[in-house]
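Peer 1: Place chain B on chain A using the hints.
Heads up: the protein sequence lines correspond to chains A and B, in order.
Just so you know, we're using full-length UniProt numbering here: the first sequence kicks off at 1 and counts up by one.
Just so you know, we're using full-length UniProt numbering here: the second sequence kicks off at 1 and counts up by one.
Certain hints may be false.
The list makes no distinction among identical chains, and a pair is therefore deemed to hold if it is satisfied within one copy or across any two copies.
[Stated by the list, open to error] In silico BS3-like pairs for lysine-lysine, Cα to Cα no more than 30 angstroms straight-line:
| # | residue 1 | residue 2 |
| --- | --- | --- |
| 1 | LYS108 | LYS122 |
| 2 | LYS108 | LYS71 |
| 3 | LYS52 | LYS71 |
I should point out that these hints are in silico values taken from the structure, not numbers from a laboratory.
All figures in this text were calculated on a predicted structure; none of them were measured in a lab.
Protein chains: 2
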Amino acid sequence: MIGRLNHVAIAVPDLEAAAAQYRTTLGADVGPAQDEPDHGVRVVFITLPNTKIELLYPLNDASPIMGFLAKNPSGGIHHMCYEVDDILAARDRLLADGARVLGDSTPKIGAHGKPVLFLHPKDFNGCLIELEQV
Amino acid sequence: MIGRLNHVAIAVPDLEAAAAQYRTTLGADVGPAQDEPDHGVRVVFITLPNTKIELLYPLNDASPIMGFLAKNPSGGIHHMCYEVDDILAARDRLLADGARVLGDSTPKIGAHGKPVLFLHPKDFNGCLIELEQV
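Isolated chain A, as found in the complex:
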């Protein structure tokens, strides 16, 4: 069911510093910062040869990233995203197997403009997993 690892998202306490570090110290292909007001985040995409890293920073105090950074002041890996071909079929299989989908189990439009769902970390080894239909 799951396909490629679409991205790993890292919440960071200083977006400019983190982007500069990936660009300069780690020598990666780092894009410009962009606001995602619908998701309450400011993001920087890092393109690796086989996948992407997303640096996440709260856009405002209501951002879903605020609580994570309060608990993890240095930042940390926030979630990982697996691609699926059919997000409704994926959801139904997960629910049938007893896994919890966050929210009301209805896919939302994610930061890449594609349907996404998030799975409950406690059901997946403490990892917040995003599924994105590609």
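Peer 2: Coordinates of chain B only, in the frame set by chain A:
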């Protein structure tokens, strides 16, 4: 400098259950469990089309994973591994930029039989980063 994301490593509280979940519920290509006594872990590799997931479980009480699971009983993302062409050149560039390399900065032979280094999480947005020479 950094190339592909070689793998994401997830520490899990129940290796068999986690492997079964990735195989059945998530429908991924999950390999057999294998002991890595030199690293104190029992691992399962999951092959995705573009990268790998490593499930990590402590092989004994001295395992470096024990403390992580004590702090994160549900499990969690333990580290991520970026590939580099030349690990000594990578190390020297990191040290010159003020980043801390764990241990004595001498590459060790990692779980894949290749030279690896780990970078200090506090210098990298709270993420434990492994560099592997490929």
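Peer 1: Between copies, within a copy, both or neither: which fits LYS108 and LYS122 at Cα up to 30 angstroms?
Peer 2: within (21 angstroms within a copy, 33 angstroms between copies)
Peer 1: When no copy is named, should LYS52 and LYS71 be tagged within, between, both, or neither for a Cα gap of at most 30 angstroms?
Peer 2: both (25 angstroms within a copy, 28 angstroms between copies)
Peer 1: Which holds for LYS108 with LYS71 at a C-alpha limit of 30 angstroms: within a copy, between copies, both or neither?
Peer 2: within (26 angstroms within a copy, 32 angstroms between copies)
Comparing the model with each numbered hint stated earlier shows that all of them hold.
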